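There are 4 protein chains.
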Amino acid sequence: MKVSIIGATGYTGEELLRILSHHPEVEIAYITSESSTGTAINSIYPHLTSSYNKKLASMKDMAQIATDSDVVFIALPHGHAMEAGKQLVEQGVKVIDLGADYRFRDTAVYEQWYKVKHTHTEAKAVYGLTELYRDEVKQATIIGNPGCFTTASILALAPLAKNNLIETSSIIVDAKSGVSGAGRSLSLNSHFTEMYENLKAYNIAGHRHTPEIEQALSELSGQEMVISFTPHLIPMARGILSTCYASLKAGIKPEDIDQAYNDMYGQEYFIRLLGRGGYPATKHTRGSNFCDIGWHIDSRTNRVVVVSAIDNLVKGAAGQAVQNLNVMFGLDERMGLTQVPLFP
Amino acid sequence: MKVSIIGATGYTGEELLRILSHHPEVEIAYITSESSTGTAINSIYPHLTSSYNKKLASMKDMAQIATDSDVVFIALPHGHAMEAGKQLVEQGVKVIDLGADYRFRDTAVYEQWYKVKHTHTEAKAVYGLTELYRDEVKQATIIGNPGCFTTASILALAPLAKNNLIETSSIIVDAKSGVSGAGRSLSLNSHFTEMYENLKAYNIAGHRHTPEIEQALSELSGQEMVISFTPHLIPMARGILSTCYASLKAGIKPEDIDQAYNDMYGQEYFIRLLGRGGYPATKHTRGSNFCDIGWHIDSRTNRVVVVSAIDNLVKGAAGQAVQNLNVMFGLDERMGLTQVPLFP
Amino acid sequence: MKVSIIGATGYTGEELLRILSHHPEVEIAYITSESSTGTAINSIYPHLTSSYNKKLASMKDMAQIATDSDVVFIALPHGHAMEAGKQLVEQGVKVIDLGADYRFRDTAVYEQWYKVKHTHTEAKAVYGLTELYRDEVKQATIIGNPGCFTTASILALAPLAKNNLIETSSIIVDAKSGVSGAGRSLSLNSHFTEMYENLKAYNIAGHRHTPEIEQALSELSGQEMVISFTPHLIPMARGILSTCYASLKAGIKPEDIDQAYNDMYGQEYFIRLLGRGGYPATKHTRGSNFCDIGWHIDSRTNRVVVVSAIDNLVKGAAGQAVQNLNVMFGLDERMGLTQVPLFP
Amino acid sequence: MKVSIIGATGYTGEELLRILSHHPEVEIAYITSESSTGTAINSIYPHLTSSYNKKLASMKDMAQIATDSDVVFIALPHGHAMEAGKQLVEQGVKVIDLGADYRFRDTAVYEQWYKVKHTHTEAKAVYGLTELYRDEVKQATIIGNPGCFTTASILALAPLAKNNLIETSSIIVDAKSGVSGAGRSLSLNSHFTEMYENLKAYNIAGHRHTPEIEQALSELSGQEMVISFTPHLIPMARGILSTCYASLKAGIKPEDIDQAYNDMYGQEYFIRLLGRGGYPATKHTRGSNFCDIGWHIDSRTNRVVVVSAIDNLVKGAAGQAVQNLNVMFGLDERMGLTQVPLFP
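So the protein lines, in turn, are chains L, W, S and A.
The working numbering puts the first residue of the first sequence at 1, with every later residue one more than the last.
The working numbering puts the first residue of the second sequence at 345, with every later residue one more than the last.
The working numbering puts the first residue of the third sequence at 689, with every later residue one more than the last.
The working numbering puts the first residue of the fourth sequence at 1033, with every later residue one more than the last.
Be a bit skeptical, because a hint or two may be false.
To be verified - Short, incomplete list of chain A residues facing chain S, as computed with Cβ under 8 Å: (1) VAL1141; (2) LEU1164; (3) ASN1230; (4) ALA1269; (5) GLY1271; (6) LYS1315.
Since the hints were made in silico from the structure, they are not lab data.
On a predicted model such as this, the values are computed, not experimentally measured, just so you know.
Glycine included, C-beta positions come from ideal geometry on N, C-alpha and C.
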């Protein structure tokens, strides 16, 4: 299978390369960067030396890229994937977009939160949260790969939403991310000296992963779900922990919760259930595509508290994209993704 | 003023010494440690060299300590302060206990959560959250100095509770702490290699700071408040960030919230209001007694989200203890506590 | 190939499991721990869940382990491998010891530095720095796998020593290691709160990796080499950087240095030469078996400065052990070791 | 005393403000920034709120600043202090420059290493390493405040150089710095995600602190000293550790070394001697003006290894500048500088 990556010099692009190097069915056709065209990828990311020394191409000749690729990953900032996506799909190439452009069933929601006009509304994009939309992913020609916070949060809450175990309006998601989630662009918020031994919240009540979580939970429950979502920046590079709160519906027992998780995820390779009382830790998932989930009943307040942990660059981005690739092409879903987490 | 510290070799004791070195009215009488009696404190904490080279005494001769001290800080594990506290109070010495033994009006609550019998129930202890209980602290002979999570969380929520702006049963506190909060005792959870680039929750629905927060909020509001509280361990040494969620009562407007904070804290030196939309960061308070607070209205869910930041070892422990000392002895409340935070 | 690990619950044992999970020719026979016999390995290391749930055995029945294994890794504290090693070798099993017991040609040197009597002096152990002793490793029945500091330091200096480009007595090695090098045993030096934002040297002029480096350099040069070695503890979990200084012999030109590195390592997969002027960074090797090397000529002082970087748990321990396994059994040396470093 | 700071928005400027807030004799006249003129300093550095809310002025009206100031700190990039320095000195204002412009007796050395023409060669600048040049500092009108690496390294080696205990050409300085040393300007090397759990050397054989160290050591010994200097970047914010190697002259005994340190520094408040065998740790100096020094004899190689630790922003910059201010104005040298280090 010939694979190209549009926008290969961000952390997501580089992580795709890392993961695909372990994928037996994949051959890299093109990797592109407009600012570094002609440069070898390993002069930008020296750790890739011995694995990749390929030169970066330009995405300008997309027709050629399409001709030479079976599937293309797009790792561009939101708003920039639609044009490429449209052209690629029209040439019959499958597309997995790691940005936000293809994540929303209702492009009006996208336009409202991202302040960008959607120019590829006819795309029959599938939301690529693999465990929840596997059947659709199988048939998809274009995938909107989920955001990092959303992957952790939706997977944590899905069994509760699907089985209507919680009050619709009671959901609060308090999420924490390592700084790599902010990307490789320089900013004071990602400046080492400022963020070391530091901790803060940001974008309260306005983060763009909010409607993505709401879309998935609403579909699962069949009811409109509106949530409170607060992201935090943690002084570490990789990892997301999502702590999710919801009020239990009347009469719901702890065992009902347990069963919901076991029924939904018992057979899922990439979801490791730590059970009731379990405490996920981000480092147990580092470098892997696993999502670890534990849940707790707060009987004093009649709430359920669910905690999930992922590596934001893997299950929260490049890893899930490869998982979707496998499903789209009928391969073993775990292909290229069986690396043991890097601990400690 | 002659001051002694019982249990001076933990982080709280050491931090008291650091702060008191800047206090013009204080002279250290005794510092004690049962395991290191006879050792100079700076051979345990070399950073104190040039400031302190005092030898550690034993607390066994408490009568002598009482005779030679005007006030005694107790920094022992919970359950161990009551005996010392009783004896000191009986000898007419003022006491500030940094553990949990004197934090509860109802010692039955203490006994229930801490699984220890209270042996000094006749103590007229005052809860030393200075900004809220200043008048009581002035008259106090014995202070139960608040916990670190509780200080950050109560200060964040107090204006809302006091003014009955939020639904009683809607409060969720998602708190994050640096690892110093776990103390100097060795454990795998505080092992560098395990916690570096790691992040996790612990003691969900069972952390002992929960009833302390509930006690204060209930008193402020005049209604029983039961909350959900989740602590997290963050890979940094110092700092607590508390993210607090509550549903607004019908008809409450953003300006009502603003006014509640300004009315309650506008004149408080140690509380720095970042206003509506403000984002506290723990590092802005590092090494200082400040508590920074910002609040946000989530109009889609009708919730208020309040974020507060403190240094867990200062405003969350030793700093607030010195603040209480100042209030008890009629000194300027800021004495010894005006150091600028250490940033970056 | 049936492989067992004696002492599997330390970081080295756990890392062996991580790496061997990617090795197509290996099947794990036994993993042992005396303190956790009967416990599943993934309850001690939850990140291994889904990869390993094997129960830990006791090493007491070594005869059975020997019967059921083709090769045994020993990851015990120094002084404890000799008895096991002797028994295993006598039963015809190949042994790779990750401790110090089999690293010295002259066991008197071992006894002098480690203060332990050597009880298996007849062992024909081979020093397993693969790139330098590959031919011996091929024939070996028992391997003394090198230490972490030593691997980085010897690989950095070997081309200079072998080609007699530097003054014998001028070598200084200033090495820096992440805290995982100190293992999983609890100590104040590995306590998160103490080591965070902290940095120090230790064991100056007395670290046990010193004679190991001297042994290899002396053999390469044919002259006795005595070096100064200083290890430092760095506030991170993984990674070693070794900065090595030596005075150039009269008449040695920069190109001579370049050629020595290229001749010795030009064909080595796991050694990535960054060339003259290159700057290795530990994170570019994280999780991989690579050793990155760059060198610099200080013409003002006529010194060469060589910098090498490795992951201390991989090329500095478990990875090199697997590399030796491959060489011993005639497999492709890279088998199981081709993972791309985990960056960022 | 009226004090102004030219270039107050870098870490050095901000740190001067922190320290001066504890100085009883100082009043801040002007703080300047060309890019943020008119902005309140605490909107750039929120941690300064409650201590400073002063607006930043422009340095364009230097004549007015000179009129209203007794002393001016200059915290500009090198090459930019000379013009300001000249004007201020001519108006009779004392100047302490925290950059490199006034550090060299021989401005030709400055021009060679910094590639900038010196335009204020007539300045009778004094090198402000206070402990070594105190008498000159007392009389100075303009101070070249030492660099961070240089302060740690010169203080470590001075007793050896002054007493001619070591071989002139044998000195190697291997120095390690936290990332704050690279300043607040954004760069990939200071990007959190890149430097977290990472470690590397840079500017080998070419760092500009090299000639500064050589100048001081040569003056102390009366002989020209040429050294090898290697800086490293460590994943922490504050702190420098300097590990210095030198060969002992024939016949020098360990007690000679001890005596040299005790004679030179025994009465110095800011230098804490840990003695022979002592191990400084950067965190024991964090936030303070202390320099901790320990030394070791490597009898196998006849070398002395000296380790020194400082806070790069305090003794390595702003703290030493205030120390010089005190000396210049005949104040107690410790004024404003007695804060206990912030540990842990």
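Taking the hints in turn, this is what the structure says about them:
{"no.": "1", "hint": "VAL1141", "result": "violated, 13 Å"}
{"no.": "2", "hint": "LEU1164", "result": "violated, 23 Å"}
{"no.": "3", "hint": "ASN1230", "result": "holds, 4 Å"}
{"no.": "4", "hint": "ALA1269", "result": "holds, 6 Å"}
{"no.": "5", "hint": "GLY1271", "result": "holds, 6 Å"}
{"no.": "6", "hint": "LYS1315", "result": "holds, 4 Å"}
The structure is inconsistent with the numbered hints 1 and 2, although it conforms to all the rest.
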